[in-house]
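Novice: Each chain is listed here by its residues.
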Amino acid sequence: MTDNLLTVEGLVVDYASRAGTTHAVRGVDFAVPRGAIVAIVGESGSGKSTISQSLVRSLAEGGSIVSGSIVFDGRDLVRLPERALRDIRGSEIGFVPQDPSNSLNPLLRVGEQIAETLRLHKKLSRADAAAEAVRILDEVGIPDAAARAGQYPHELSGGMKQRVLIGIAWACTPKLVIADEPTSALDVTVQRHVLDRLERLAREHGTSVLLITHDLAVAADRADLIVVMHRGLVVETGTAAEVLGSPKHEYTRELVAAAPGLSSDRLAARDVGVGTASEALTLGFGPRAAATTPNILEVEHLTKTFRLKSAGVATAFTAADDVSFAIPRGSTFSIVGESGSGKTTTARMVARITAADSGSIRFDGDDVTALAGDALRQLRRRIQVVYQNPFGSLDPTMSVTRIVTEPLRAFRIGSRSQRAETARALLDAVRLDPGLADRRPTQLSGGQRQRVAIARALALGPELLVLDEPVSALDVSVQEQILQLLVDLQAEFGLSYLFISHDLGVIRQVSDHIAVMRLGRIVEQGPARIVMASPAEPYTRELLEAIPGRRHA
Amino acid sequence: MESAGTSRARVARVARYLAPKIVQFVFVIWATYTVTFLLIHLLPGDPLLAALSVKGGDATTTDPAELELLRAEYGLDGSLWSQYWGHLASALRGDLGISIATGQPVGDMIARALPNTAAVALLALVLGVASSIVVTYFAYIARWRWVRTTLLQIPPLGVAIPAFLSGLVLVAVFAFGLDLLPSSGSRSPLSVVLPAVTLALPVGAIFFQVFSAAVLEAMASPYVFTATAKGLAPRTIFVRHVLRNSLLPSVTILGLLIGYLAGGTAVVETVFSRDGIGRLTVDAVLARDSNVIQGIVIVVALVYSVVNLLVDLSYGVIDPRTSAKLGGAPVARAKDEAAVEA
Amino acid sequence: MRILRQPGIVVSIAIVLLTVAVMLWPSLFATHDPYEGVAVDRLQAPNGTYLFGTDNLGRDLYSRVVYGAFLSLASAGAAVLVGVVVGAVVGLLSGFVGGRFDFVVMRFVDVLIAVPSILLALIVVAGLGFGPWSVALGVGLGATGSFTRIMRSQVVRVRNEEYVEAARTLGVRWPSILFSHILPNSARPVVAYAALELGTAILAVSALSFLGFGAQPPEPEWGSLVSAGRDFVSTAWWLSVVPGIVILVIVLAVNRLARAIGENR
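Protein chains in written order, with the working numbering: chain G, 41 to 593; chain V, 252 to 593; chain C, 3 to 267.
Here chain G stands alone, though its shape is the one from the complex:
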């Protein structure tokens, strides 16, 4: 029987608000053995973040621990007086928070934020604490630590800020470190390095780690034990091999199947239900001329440079540099890259939202690079966009029906009742409950909103859909549903997709062709299977290796 550093039993946490009481955690048991890394895996609403906050008794407004015990090193944290708890926080329990961009005080120097906790718990003098802070910065892998210690958070990149936060958590060599989604906001290659560092620190100092994550693949790679949570309850516990190899609970099985890092096949199209035969649905569809070229889209030497002005100083930033590719009809062409790679800029140029500085765009054989006015408007009927952020791309004051029929109104297509019929048919096609037709976006979930966005994009019968990170903001299980929907719709309506994502796991599931972009240039492109299986470029290889879950795929 391993000695458990942390034992949680029967934990129940509620949030009280004006809208009523939410039972975020409904009776949870788990344990963290000494020196082990335990991962709590769950989607939004599972209660995993609430648990991490309960352990340090810093719940958000309205939260309270209703019952249960949290025994840490022999003491029950639930019943400890606040003063005693403050002694434990930071010195025996470290916390790595989720959002590196906002978790550091913007007005304090980085070294000082580490030194603060050293002075408090280890009673070091100012000079000693400052020196120790530099040493810690070096330990977490920040180059030129002495200089960096004197900088402010906004002068550091996301990955570096996260390392500082890790440094703060480990500063007083705690027994337990809680890491709440420590890498969700980071690029995938950075994520890998940060998690490597975390694992190394844990093993070197013998620290127990409680890793909170929504990514089952990350948990599988890094944790000794996995605890799966769903709607406030623990549904399964076990080692990575047990949970992934032989999942007992139905929800776990769903998660394993949906995790993009763990599955490797392209999704196959299934039947949509209502399709091109429906008159109501195709109300806004324009006539389709016979195909003249094999490629629906051909892009050549696209370049875009942005001129930035900060405090009067002008700098030029080349977002896209000599980008060329072609999309065959009815296929999915994906562009994968990290932040700053230029993939979004390229997509916006194709969709004619941003104007290219040079290069050409040919759509269905016609040069559309310089289209303007009414011709451009007519082009819009054939190229549509689905955005990343389901919360931002829908007008919060409009009902679902109004949103979906807006393009029809813009082109004066159909009468009011005809448009309403079309809306119903479109919602049906995207598998959205027609009862939601009168709701506002704020009353829908992220996945539901994205379906509405897709329905809206389909209303005019486009031939090419530009999808900019369409599932990145969604839970994993919902991601899979939307991806399947997109694949089905593509088959039914003969759509071509330009699919942008940073997530190779997602790309793997939908792509026929892949282009890898870095710093504005296409590094490698080709058929999906070939690029994924035998990449030619080292950067592509690095991206592939950074996909979590490869240890178990």
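Among the clues, some could well be false.
To be verified - Here are some of the chain G residues that sit facing chain C, going by a computed Cβ distance under 10 Å:
no. : residue
1   : 273
2   : 424
3   : 449
4   : 499
5   : 506
To be verified - Across the chosen pairs, the derived CB separations fall in these ranges:
no. : chain 1 : residue 1 : chain 2 : residue 2 : range
6   : C       : 13        : G       : 56        : 19 to 27 Å
7   : G       : 85        : C       : 135       : 55 to 63 Å
8   : G       : 561       : V       : 495       : 41 to 49 Å
9   : G       : 60        : C       : 164       : 26 to 34 Å
10  : C       : 106       : V       : 330       : 24 to 32 Å
11  : C       : 87        : V       : 467       : 27 to 35 Å
12  : C       : 164       : G       : 49        : 41 to 49 Å
If you are wondering where the hints come from, they were derived from the structure by calculation, not from laboratory data.
In this text, a Cβ means the ideal position worked out from N, Cα and C, and glycines have one as well.
The hints should help you fit chains V and C onto chain G, whose structure is shown.
Specialist: Quick look at chains V and C alone, frame taken from chain G:
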């Protein structure tokens, strides 16, 4: 990290930051002067005759020759255009003309009145800001909900109470009733107290609304969670992490508060019978004394603009994010990640 | 509606409704003639016959307050109306058109805001003559600056929202975007601010009338009632204090409702 650019480049950068603000400063003062001039001269009635009739009643002269002389004396002769430029030119030289009602130079009248008003205004500002910070602190620290709720009821009251009511009540209680503080006049140093307290209520309440909103936002922010997770005490968190981050946005309403004070002094000086800019303005309007009105508006706009300029400058100093842009230190790009895992 | 459960809101709504009723039908509420006084009854403290007491001419203070309601409040309402209408239109145009037009307009708005509103009102009054409607115009002009700024910043914010860009890619033309997207999403904060400005306008109007620029005596505008009572502060305090408290209560109620609108809608 080396700081980019030589010191000459730095000066150029700071100048580029300052230049638009100084242009705006000049523009606001010029525009205020112009708008006031237009309002006074384009509204029905001759400003000179209006002022003279208030002064002299039926005995006002109507002899054109005399009127011409008077016009020249008060700078109200010639076309509108020449009056406009004439006044502006003199103002730039420091000559704000002669008051039609009292015959004294406007500049002198304002110079005499300004210190009195400034004393009250500054004290009110200090009292108001300090008390709202204290109230916010206790509301934040308070362990019992009822303390917080009670404290949070005070500011809406402070905003809603008319200054003339609170002033009169204070006079009645402290001056007449308890005989502790002077009720009127400007001579005794203690005479500043009651007027300042009267104005401190609304000023503090307005500042509180902005400041407490900033505190609330800071308290809910992730970096305060980090501080809590470090094991810091609530008092330390408030002072070291929350206070500075909340004061920053609150500083921007200083200009607004100055504007409010400039108006509020009119009431307060009337209630407490003090000499000051407010009383001067009221008397000038009652007397239709356009030169005095013009002069006061320019001075007030000047003060307001100076305060705003200072606030803008201080932002560049206090907020490291702004001063970084001035100092030229480039913000690190994400790609230096690659150098890290060497 | 759940909002109605809070006692503060219910009381505030009741006060506002009562005030509107008094404004529109003063004869229903007054007990005596507001202009004619009974000399023998002068300077009486509040009692059964004279609810708020009497002034130095024997006039019933309560009835004077009742009849003064319309004078004191309607001009504040008019001021806010001027501010909202002019400010919203200019702010909408400025934010929507952008560019140099926006720049120039906002510089003038800076000026409007730079001059303290009481000062601005005084200048207008100096030009147009005393009386409640000059005061209303003056206060309204001052409010216009703030409304323009708020409307414009909302319009700029919405213009940059993703759903506006999405509408463009759907082929929606700019006039439709203005009416179906920009206006509905900008309106809410402006309405909330209008409610808040009403309280401020009531205070500004009564301050100006206190200083003597509003309706002239014997009109019972509230500010001038307080001013007239100054001479009697030690002997007949109710003459100044009661109208002042009436103003205070009404502004409290209006502000409470304004906050509720800002938080909920």
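Novice: All the hints need checking, so say for each whether the structure fits it.
Specialist: Evaluation of the provided hints:
Against a cut-off of 10 Å between C-beta atoms, the interface hint on residue 273 (chain G) is violated, since the closest Cβ of chain C lies about 30 Å away. Nearest Cβ of chain C to the Cβ of residue 424 (chain G): about 7 Å, under the 10 Å cut. The hint holds. A least Cβ separation of about 8 Å between residue 449 (chain G) and chain C falls short of the 10 Å threshold, and the interface hint therefore holds. Interface hint status for residue 499 (chain G): upheld, as the beta-carbon distance to the closest one in chain C is roughly 8 Å, under 10 Å.
For residue 506 (chain G), the interface hint holds, since its Cβ comes within 10 Å of a Cβ in chain C; the closest pair sits about 9 Å apart. Range check, residue 13 (chain C) to residue 56 (chain G): Cβ separation about 25 Å, and the 19 to 27 Å hint holds. At about 58 Å, the CB distance of residue 85 (chain G) to residue 135 (chain C) agrees with the hint of 55 to 63 Å. Between residue 561 (chain G) and residue 495 (chain V), the C-beta spacing of about 43 Å keeps the proposed range 41 to 49 Å intact.
Between residue 60 (chain G) and residue 164 (chain C) the C-beta distance comes to about 31 Å, which sits within the given range of 26 to 34 Å. Restraint check, residue 106 (chain C) to residue 330 (chain V): a C-beta distance of roughly 27 Å satisfies the suggested window 24 to 32 Å. One distance hint, 27 to 35 Å for the beta-carbon pair residue 87 (chain C) and residue 467 (chain V), holds here, with the actual separation near 33 Å. Checked against the hint of 41 to 49 Å, the C-beta distance between residue 164 (chain C) and residue 49 (chain G) comes to roughly 46 Å, which is consistent with it.
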